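Chemist: Knowing the structure of chain A, use the given hints to seat chain B on it.
These are the residues of each chain, in order.
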Amino acid sequence: MKVRFSGTLLRAVDYEREIELDAPTLGVAFDQLLQRFPQLRTPLLDDGGAVRSIHRLFLNREQLEPDTDLAAMNIGARDTLDVITALAGG
Amino acid sequence: MSQPSRLTPDQQQFIAREIAPHTVTLDAEARPIARETLLEAARLGLLGYGFPREVGGAGESLQGWGELLIEIGRVTSDASFALLLSLHAAVAQDVWENASPALRESHGLALIQGRRLGAFAYTEATDAFAMQTSLLADRDAWVLAGEKAMITGGLLADCLVVYARKASGDLAAVVVDRSDPGVELEPLVVAGVRAAGLARLKLHDVQLPATRVLIERDALSHAQRFLNQRRLLLCCAPLGRLRGLLNELVRHLSPRERYGQNVLDFSNVQARLGRMSAAVRAAEIMTRATLERVTRAEHDALWDEDIVATKYFVSEQCQRVADDCMRLLGGDSLRCGLPFERTLRDFWGLLAGAGAQDILEVGLGSSLVTRSRMEYTT
Numbered sequence: 001m002k003v004r005f006s007g008t009l010l011r012a013v014d015y016e017r018e019i020e021l022d023a024p025t026l027g028v029a030f031d032q033l034l035q036r037f038p039q040l041r042t043p044l045l046d047d048g049g050a051v052r053s054i055h056r057l058f059l060n061r062e063q064l065e066p067d068t069d070l071a072a073m074n075i076g077a078r079d080t081l082d083v084i085t086a087l088a089g090g
Numbered sequence: 001m002s003q004p005s006r007l008t009p010d011q012q013q014f015i016a017r018e019i020a021p022h023t024v025t026l027d028a029e030a031r032p033i034a035r036e037t038l039l040e041a042a043r044l045g046l047l048g049y050g051f052p053r054e055v056g057g058a059g060e061s062l063q064g065w066g067e068l069l070i071e072i073g074r075v076t077s078d079a080s081f082a083l084l085l086s087l088h089a090a091v092a093q094d095v096w097e098n099a100s101p102a103l104r105e106s107h108g109l110a111l112i113q114g115r116r117l118g119a120f121a122y123t124e125a126t127d128a129f130a131m132q133t134s135l136l137a138d139r140d141a142w143v144l145a146g147e148k149a150m151i152t153g154g155l156l157a158d159c160l161v162v163y164a165r166k167a168s169g170d171l172a173a174v175v176v177d178r179s180d181p182g183v184e185l186e187p188l189v190v191a192g193v194r195a196a197g198l199a200r201l202k203l204h205d206v207q208l209p210a211t212r213v214l215i216e217r218d219a220l221s222h223a224q225r226f227l228n229q230r231r232l233l234l235c236c237a238p239l240g241r242l243r244g245l246l247n248e249l250v251r252h253l254s255p256r257e258r259y260g261q262n263v264l265d266f267s268n269v270q271a272r273l274g275r276m277s278a279a280v281r282a283a284e285i286m287t288r289a290t291l292e293r294v295t296r297a298e299h300d301a302l303w304d305e306d307i308v309a310t311k312y313f314v315s316e317q318c319q320r321v322a323d324d325c326m327r328l329l330g331g332d333s334l335r336c337g338l339p340f341e342r343t344l345r346d347f348w349g350l351l352a353g354a355g356a357q358d359i360l361e362v363g364l365g366s367s368l369v370t371r372s373r374m375e376y377t378t
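Protein chains in written order, with our numbering: chain A, 1 to 90; chain B, 1 to 378.
Reference excerpt, derived from the structure (chain B facing chain A, CB under 10 Å, subset only):
{"no.": "1", "residue": "Asp-127"}
{"no.": "2", "residue": "Ser-168"}
{"no.": "3", "residue": "Asp-170"}
{"no.": "4", "residue": "Glu-216"}
{"no.": "5", "residue": "His-222"}
{"no.": "6", "residue": "Gln-224"}
{"no.": "7", "residue": "Val-362"}
{"no.": "8", "residue": "Leu-364"}
Derived Cβ-Cβ restraints for the label pairs, each shown as a range:
{"no.": "9", "chain 1": "B", "residue 1": "Pro-187", "chain 2": "A", "residue 2": "Glu-65", "range": "38 to 48 Å"}
{"no.": "10", "chain 1": "B", "residue 1": "Gln-207", "chain 2": "A", "residue 2": "Arg-36", "range": "34 to 44 Å"}
{"no.": "11", "chain 1": "B", "residue 1": "Ala-278", "chain 2": "A", "residue 2": "Asp-22", "range": "48 to 58 Å"}
{"no.": "12", "chain 1": "B", "residue 1": "Leu-364", "chain 2": "A", "residue 2": "Asp-69", "range": "23 to 33 Å"}
{"no.": "13", "chain 1": "A", "residue 1": "Gly-76", "chain 2": "B", "residue 2": "Gly-365", "range": "27 to 37 Å"}
{"no.": "14", "chain 1": "B", "residue 1": "Glu-184", "chain 2": "A", "residue 2": "Asp-47", "range": "21 to 31 Å"}
{"no.": "15", "chain 1": "B", "residue 1": "Asn-247", "chain 2": "A", "residue 2": "Glu-16", "range": "46 to 56 Å"}
{"no.": "16", "chain 1": "A", "residue 1": "Glu-62", "chain 2": "B", "residue 2": "Glu-184", "range": "41 to 51 Å"}
{"no.": "17", "chain 1": "A", "residue 1": "Lys-2", "chain 2": "B", "residue 2": "Ala-356", "range": "24 to 34 Å"}
Footprint (simulated), chain B over chain A, 3 or more residues, beta carbon under 8 Å:
{"no.": "18", "region": "6 to 13"}
{"no.": "19", "region": "40 to 52"}
{"no.": "20", "region": "72 to 86"}
In short, the hints are calculated from the structure, not lab data.
Keep in mind that this is a model prediction, so the values were computed, not measured.
In this text, a Cβ means the ideal position worked out from N, Cα and C, and glycines have one as well.
The shape of chain A in the complex, shown without the other chains (with noise of 0.2 Å):
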């Protein structure tokens, strides 16, 4: 699969707009992720390991909904996952 970063992730990501995994949930596809960029956690994750709200993930373009299962949600090699990021300040 594809993942693909935008905005404020980029450099947690050290700026690879598209990253290709291979993992069969999107659990795994994260863990993946994380152990390659631990820098990555804190921006995505919140304390109890959920994905923060301010982060809209679209699967093959389709929006998640936040109370998605995504650790057991089931991916193929050409599902494409964009992580969409928009933050500002007060």
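Modeler: Only chain B this time, still in chain A's reference frame:
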């Protein structure tokens, strides 16, 4: 036909008596509006207009609250007053809705009833992922240390919602009293909204009981949710001010003659006024449409692009129309005591408030690019 006023006669008299006469002096001296004045505004129902009736509010919708702020912006040139009203109300509602029962009892109720004033302490001289203020566990309590660069209403606040990084790296939000040992608030002298009590906050190992935690996990997302709605309400009073400013400009120019002709009859003056009028009307239409949509809860709670675009557009029109006033007024534009130069300075606050304009541009542009890439590459 003009709409009936949302302000009660008491509220109108309060603004005429307690706000309008002091606006020029407070701005000139960079002195905050008196805390007692804001508490009186709360007693008159100006703070709780959008709060539920069961906690003493007027039970108005978000749209109704936005319309009231628009009207306040139109009837008074004091941008600080409307800014503080909308900010204190937002913080009070945030604490009320998210607090534990104990925190509601100790802080939430007094905030929502307007007996105490709150402020939002988020901004540091860095980005959101590099926040330095720390919140570390100390047995069954917390220790808060760090510095917040700019807090609107900080000098007037009884308590502040402070965002800080835990040892895990995640952000939490806690409620801090200004009277807590180790809390230091310093006045900031700024170019606009000079009566809004802007402050820098220093936190010297402030000890907090566990009950003061408002948001324990992912407070970064919580802050973005807060700011999302803030962006929309932030626009409302300036929007009303724009309409008021346009009326004041025409009134100010009406007796002025050049070359034996009233300047309002000059084609170039009318053309500029026409551009200004179009800008104000477009901003009004856009803001009201977004208020309606958010009131119907059809928006993205964290980052709504209609809200972002509305805040961006209204803020740009504010700069442009205030600048146009300066151009049409000639030398009078610089005179302190007239509302024009002060309003221009007040509107500068919109360039940074609830997300800097340039950051909002990047957010909208980045989203457009990403969605477009998704369309043609998956």
